[in-house]
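**Student:** Sequence:
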Amino acid sequence: MGNALLILITLFVLITGGAEGIRFVIDREECMSHKVEYEGDNVHLSFVVIKSDAPWNSDNYGVDLVIKGPSGDQIHDFRDKTSEKYEFTAQKRGVYRFCFTNKSPYHETIDFDVHVGHFAYYDQHAKDEHFNPLLEQITKLEEALYGIQFEQHWLEAQTMRQSIVNEVLSRRAIHKAIFESAALISASVLQVYLLQRLFERKLGTSRV
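The sequence shown lines up with residues -21 to -1, 1 to 187 when you count with mature numbering (1 follows the signal peptide of the UniProt record, and there is no 0).
Among the hints, erroneous ones may be present.
Cut-off 20 Å, straight-line C-alpha distance, at most; resulting in silico cross-link-like pairs (DMTMM-like, lysine to aspartate or glutamate) [claimed, not checked]:
| no. | residue 1 | residue 2 |
| --- | --- | --- |
| 1 | K47 | E16 |
| 2 | K64 | E9 |
| 3 | K60 | D32 |
| 4 | K82 | D56 |
| 5 | K71 | E18 |
| 6 | K60 | E135 |
| 7 | K60 | D43 |
Simulated from the structure, these hints should not be mistaken for lab results.
Model the full structure from these sequences, guided by the hints.
**Tutor:** Written out as structure tokens, the structure is:
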């Protein structure tokens, strides 16, 4: 009974917390921070450029991301990316910074997700052999749940981005069709006008 209760409590904690997602609009540069409590924790992150305020919402945009550790040392960087996933092991405990840079002249909307994989209860009772098998299973369950949540958030952001791109492409196609129709109508009207003028000139010449 006690083991089942422990598993239920752990499941509740894992499902209700641990992941952190945020959506924001970037002009030039925005930095996010996340505190890692323990050395050796796994840090998972992902980002997707959902949309851009550029004319026609061109999909050629992208942002830079620089990840820095608590001492200011650079851990990794991405250049001109519209979406990316990354995972690293924290070498130190402390605050990690994630700085995005938008080099385009237009605002861009970014979906950013980060979570730290750690199981504190395991540390507190690691020496208790009675709990070890149970804690091992809970840790595996924790990793699986985090993985599902992380992938789900990533796929949702990707789906939203693709939906916006498709909407823009559809709007472009409609505008192109309207423009081509207007050009065709204008050409037809001009052709009728020229034929009418030519006919009037020929009619005038024949009367003389």
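**Student:** Does each hint fit the structure? Answer for all of them.
**Tutor:** Hint check:
Restraint check: the Cα-Cα separation between K47 and E16 comes to about 16 Å, which is no more than 20 Å; the hinted pair holds. The suggested pairing of K64 with E9 holds, with an alpha-carbon distance near 18 Å, which does not exceed 20 Å. Restraint check: the Cα-Cα separation between K60 and D32 comes to about 17 Å, which is no more than 20 Å; the hinted pair holds. Under the criterion of a C-alpha separation no larger than 20 Å, the hint pairing K82 with D56 is consistent with the structure, at around 15 Å.
As the CA atoms of K71 and E18 are separated by approximately 5 Å, the hinted pair is consistent with the 20 Å bound. Taking the CA atoms of K60 and E135, the gap is about 18 Å. The hint holds against a cut of 20 Å. As the CA atoms of K60 and D43 are separated by approximately 7 Å, the hinted pair is consistent with the 20 Å bound.
Every hint from the earlier list agrees with this structure, and none is contradicted.
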